[in-house]
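Enquirer: Protein chains in written order, with our numbering: chain A, 91 to 414; chain B, 805 to 1067.
Because the hints were derived from the structure by calculation, they are not lab data.
All C-beta atoms in this analysis are idealised placements derived from N, C-alpha and C, irrespective of residue type, glycine included.
Label-pair ranges, simulated between beta-carbon atoms:
| no. | chain 1 | residue 1 | chain 2 | residue 2 | range |
| --- | --- | --- | --- | --- | --- |
| 1 | B | G1045 | A | R217 | 34 to 42 Å |
| 2 | A | W216 | B | G950 | 35 to 43 Å |
| 3 | B | Q917 | A | A247 | 47 to 55 Å |
Each chain is listed here by its residues.
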Amino acid sequence: MILKPPPIVLACLLAALLVPTALLIGLLSGSSGWGWPTGDILWLIRVPRVLAAFGTGAALALSGALIQLVTRNPLGDPHVLGVTSGASVGALLALLLLPTGFWFGPEIGASLGALAAMTLVFTLAWRSMGRGLSPSAQPGTVVVLLVGVMVGAACGAAVSFMLAVANDAQLRNIVFWLLGDLNGASLWWPVWVAVAIAFAMSWPRARELDWLARGDAWAWTLGVPVARRRRVAILSACIATGVAVATAGSIGFVGLVAPHVVRLTGLRAARLLLPFSALFGGVFLVLADTVARTIIAPAQLPVGVISASVGVPLFLMLLLRRRA
Amino acid sequence: MKGLSLRLENIALRAGAKTEGRLLCSGLNMTMNPGERWVLLGPNGAGKSTLLMTIAGLIQPDAGSIVLDERALTAWQSEALAQTRAWCPQFWLDPFPVSAWETTACAIIATRQELEAARVEEIAREWLREFDASHLADTDVRTLSGGERQRVALATACAQDAPLLLLDEPTSHLDWSHQAVLQRLLKRWSQEGGTVLTAVHDLNLAWTLATHALLLDGQGGAKWGTREEVLTVDALAAAYGVPVNIIEDGGARWFRIDLEGAA
Chain A
91 MILKPPPIVL
101 ACLLAALLVP
111 TALLIGLLSG
121 SSGWGWPTGD
131 ILWLIRVPRV
141 LAAFGTGAAL
151 ALSGALIQLV
161 TRNPLGDPHV
171 LGVTSGASVG
181 ALLALLLLPT
191 GFWFGPEIGA
201 SLGALAAMTL
211 VFTLAWRSMG
221 RGLSPSAQPG
231 TVVVLLVGVM
241 VGAACGAAVS
251 FMLAVANDAQ
261 LRNIVFWLLG
271 DLNGASLWWP
281 VWVAVAIAFA
291 MSWPRARELD
301 WLARGDAWAW
311 TLGVPVARRR
321 RVAILSACIA
331 TGVAVATAGS
341 IGFVGLVAPH
351 VVRLTGLRAA
361 RLLLPFSALF
371 GGVFLVLADT
381 VARTIIAPAQ
391 LPVGVISASV
401 GVPLFLMLLL
411 RRRA
Chain B
805 MKGLSLRLEN
815 IALRAGAKTE
825 GRLLCSGLNM
835 TMNPGERWVL
845 LGPNGAGKST
855 LLMTIAGLIQ
865 PDAGSIVLDE
875 RALTAWQSEA
885 LAQTRAWCPQ
895 FWLDPFPVSA
905 WETTACAIIA
915 TRQELEAARV
925 EEIAREWLRE
935 FDASHLADTD
945 VRTLSGGERQ
955 RVALATACAQ
965 DAPLLLLDEP
975 TSHLDWSHQA
985 VLQRLLKRWS
995 QEGGTVLTAV
1005 HDLNLAWTLA
1015 THALLLDGQG
1025 GAKWGTREEV
1035 LTVDALAAAY
1045 GVPVNIIEDG
1055 GARWFRIDLE
1065 GAA
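Using the sequences plus the hints, can you model the full thing?
Expert: Set out below in structure tokens:
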């Protein structure tokens, strides 16, 4: 298959066009239909929500791209690190144990849960993240993924337990949290800060992540400090995912698919892949959230429902389309 | 090209680079000089790949030290090392789409960061042409055949522009004509002052390719020296465990496993 050079100019133009358009559509549409909302609705409801959606989508997509690169696994996605599940446990604990309306209870719980899961994964897989160079040792990246999946499974059991003991009112909150919902996103800026940090940590060395993805031992012979790059990339992915989950719950699909969609357009190199994945994820989630809160207005759907039901066919279409 | 010598001092290797691993070889004491082409021979599992990875610096030897250009390998900066030795592994796994020339370009960017992008692409395409792969330059490496992928990998190793080439079974997927291409390029490489160490299985190829040979017998023993000294009936039969016939033809030697004799 012949690969064309990346359409950088076109991609920049599209991004410059799509990002404001998506934000505008998000701002203009509401449960009462189209139109420019009044000041309070605009500034207190629409703007924070649209910004939270964009930041969350960008964070998940950026994490997905990073994890796919450093684990050399096209199925990599932010959730495989167990951070999402850890955040869910923390958030649900807060929902169950703290009085209703406690100051940012679920958000703080989710942050702590994500931090705990991240610490656990790093402690258990620290040595393996530096490995993968020796011929006989199990590739370090497999260990990281397995540790992440195991931490996730343990957290999943804890979530099931909490679902079983929760009362009806709590259950409703919990389910919305688990499905991923921007309705409760009251703070929009932490996720933007997290994206900025993750991006600043990973992008300057993006080229080396490309080499790492071709082979870790080979990248090492090219002078790349493989262990450090891998740890930094996974740490930035954990930070971005953790804050994204604390903002909007566990939203699936964006992190896995955004990097693949961007790759299919020809933006393959990591220094293009990372920013454009983030932009695509942001735009995608803003639009998905807009649909989620307007399609059966005044009721709202969790954004995870829309992101999966639009995204899965879109992705399959891109993947399976015949190339000339 | 700046020639440099590679010295192995009392090297011992164990399988898996673990202290409890099976002993692969011990007491390797040898020097490889600029302009020499070494072939690394031995039965499956004898430690050829392990030795190449040890010399590349990827794994530590069980004992002894490796001296590259009069400096212990452990004292080298990784960037300087990247400009000094290139390692071409036996297996490649490409999880994401990338074109052949972009793969080759990685090695150029890693060692010559001052070059501008257009020049990097030019050099990458030149090396692909050397390996008869210029028509594959824009192809996704994941869709290449085994031999095509191997040629891209070899072009990448050469493009790194490091005088010491460490090639792990570079001919395993190559057809005859491309084996000849590789031989011609490696000879030119050594004539320009480079050093080549390559693991091979084909004894006839080893003979025509090499000036020197290192034979691991798979039981901890090793024999090294000029190709005439190492590629002998006794040494080969002992290492591989099957009778080997050698047909002398002028200065050349042809090797044939004596299958009837083995049965």
